[in-house]
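Here is what each chain is made of, one letter per residue.
Protein chains: 2
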Amino acid sequence: MSTLRIDPATPADVPVIRDLIRELAEFERLTHEAKATEEQLRDALFGPQPAAEVLIARMGDEVAGFALYFHNFSTFVGRRGLYLEDLFVRPRFRGLGCGAALLKRLARIAVERNCGRMEWSVLDWNQRAIDFYRSLGAVPMNEWTTYRLTGEALQKLARAE
Amino acid sequence: MSTLRIDPATPADVPVIRDLIRELAEFERLTHEAKATEEQLRDALFGPQPAAEVLIARMGDEVAGFALYFHNFSTFVGRRGLYLEDLFVRPRFRGLGCGAALLKRLARIAVERNCGRMEWSVLDWNQRAIDFYRSLGAVPMNEWTTYRLTGEALQKLARAE
Chain A
1 MSTLRIDPAT
11 PADVPVIRDL
21 IRELAEFERL
31 THEAKATEEQ
41 LRDALFGPQP
51 AAEVLIARMG
61 DEVAGFALYF
71 HNFSTFVGRR
81 GLYLEDLFVR
91 PRFRGLGCGA
101 ALLKRLARIA
111 VERNCGRMEW
121 SVLDWNQRAI
131 DFYRSLGAVP
141 MNEWTTYRLT
151 GEALQKLARA
161 E
Chain B
162 MSTLRIDPAT
172 PADVPVIRDL
182 IRELAEFERL
192 THEAKATEEQ
202 LRDALFGPQP
212 AAEVLIARMG
222 DEVAGFALYF
232 HNFSTFVGRR
242 GLYLEDLFVR
252 PRFRGLGCGA
262 ALLKRLARIA
272 VERNCGRMEW
282 SVLDWNQRAI
292 DFYRSLGAVP
302 MNEWTTYRLT
312 GEALQKLARA
322 E
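Chains A and B, in that order, give the protein sequences. Here the first sequence is numbered in the working numbering, starting from 1 and rising by one per residue. Here the second sequence is numbered in the working numbering, starting from 162 and rising by one per residue.
Read the hints as simulated data drawn from the structure, not as lab findings. Hints are not guaranteed to be accurate.
Subject to a maximum C-alpha distance of 25 Å in a straight line, what follows is the list of computed DSS-like cross-link-like pairs (lysine-lysine) [as the list claims (entries may be wrong)]:
(1) B/K196 with B/K317
(2) B/K265 with A/K156
(3) A/K104 with B/K317
(4) A/K35 with A/K156
Pairwise CB distance ranges (calculated) [to be verified]:
(5) B/E223 with A/D19: 48 to 58 Å
(6) A/T31 with B/D180: 29 to 39 Å
(7) B/D180 with A/P8: 38 to 48 Å
Every residue gets a Cβ at the ideal spot worked out from N, C-alpha and C, and that includes glycine.
Just chain A, same shape as in the assembly (with noise of 0.2 Å):
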């Protein structure tokens, strides 16, 4: 079998992240949202001020999947948190312990940098991904909802007086 490595991404992995985010936005039936450009992806994990990091866990040669994610804060705990964005394993690489290397990689990080917690958001219907975080100690935020401003909603506001 081969070897398994979890890996931060280095600019090289610029166009395979792209074809990732594309692979998990079909997942996810949101194929329309994903719009995203190599170009952006690039300022945004390897700029002047990155928005965002990277880890690749490759297969042999192959890249399996990744995680991106970023730190966000939490005023009640005063401490800064990890925030997982994207997680996703190709096909192919399922049942091969990818995953829970990627979580357990950025568990080990968020404790380095004395984050006080780590969360992410997963569809209601992704029931496999559910039981999994379930199984790590994960809980539910069952009581709250994310509301999202966007698009002309977003610039009317921006323009009330």
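Position chain B relative to chain A; hints supplied.
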């Protein structure tokens, strides 16, 4: 009537921000979770690597409320977003437009910084807030649930082989 003013917080505002966070925690029935100290807040807001920013709403000389926010990142949009972690208006200043003024200023900041969207989380029983957010055009992400890993479960995953 006193004039409403919205300003970015300064280091001198840290003690009142600490008070406002406690008052928000009481309102959210989460007082036991509000553990941040003034020192932690000073470091997070005004230290060498700020983790968040704050706007303060004042009516005349009195602090009426605050908003604490930071940037997240959308892989689909390929751009930073603005995440509003806390929005709070003291009860005696409600109904005077403080919340709307804070949100307008945040929307303007989001647009100026080329953010694709603005997001925040709301407790499901806070109907007054939900009605207000919907009136601005904010959309609930009903199909998503946030999962949180913290405390011993986080430590355990970080130590796992």
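Results of checking the hints against the structure:
1. Restraint check for B/K196 and B/K317: satisfied, since their Cα atoms lie roughly 23 Å apart, inside the 25 Å limit.
2. Straight-line distance between C-alpha atoms of B/K265 and A/K156 comes to about 9 Å, which keeps the hinted pair within the 25 Å bound.
3. Using a Cα cut-off of 25 Å, the hinted pair A/K104 and B/K317 holds, with the two alpha carbons roughly 9 Å apart.
4. Taken as a hint, the A/K35 and A/K156 pair is honoured in the structure, with Cα atoms around 23 Å apart against an allowance of 25 Å.
5. Under the hint 48 to 58 Å, the C-beta atoms of B/E223 and A/D19, about 54 Å apart, fit the expected range.
6. The hint said 29 to 39 Å for the Cβ distance between A/T31 and B/D180, and at roughly 47 Å that hint is violated.
7. Between B/D180 and A/P8 the beta carbons are some 40 Å apart, a value that agrees with the proposed interval 38 to 48 Å.
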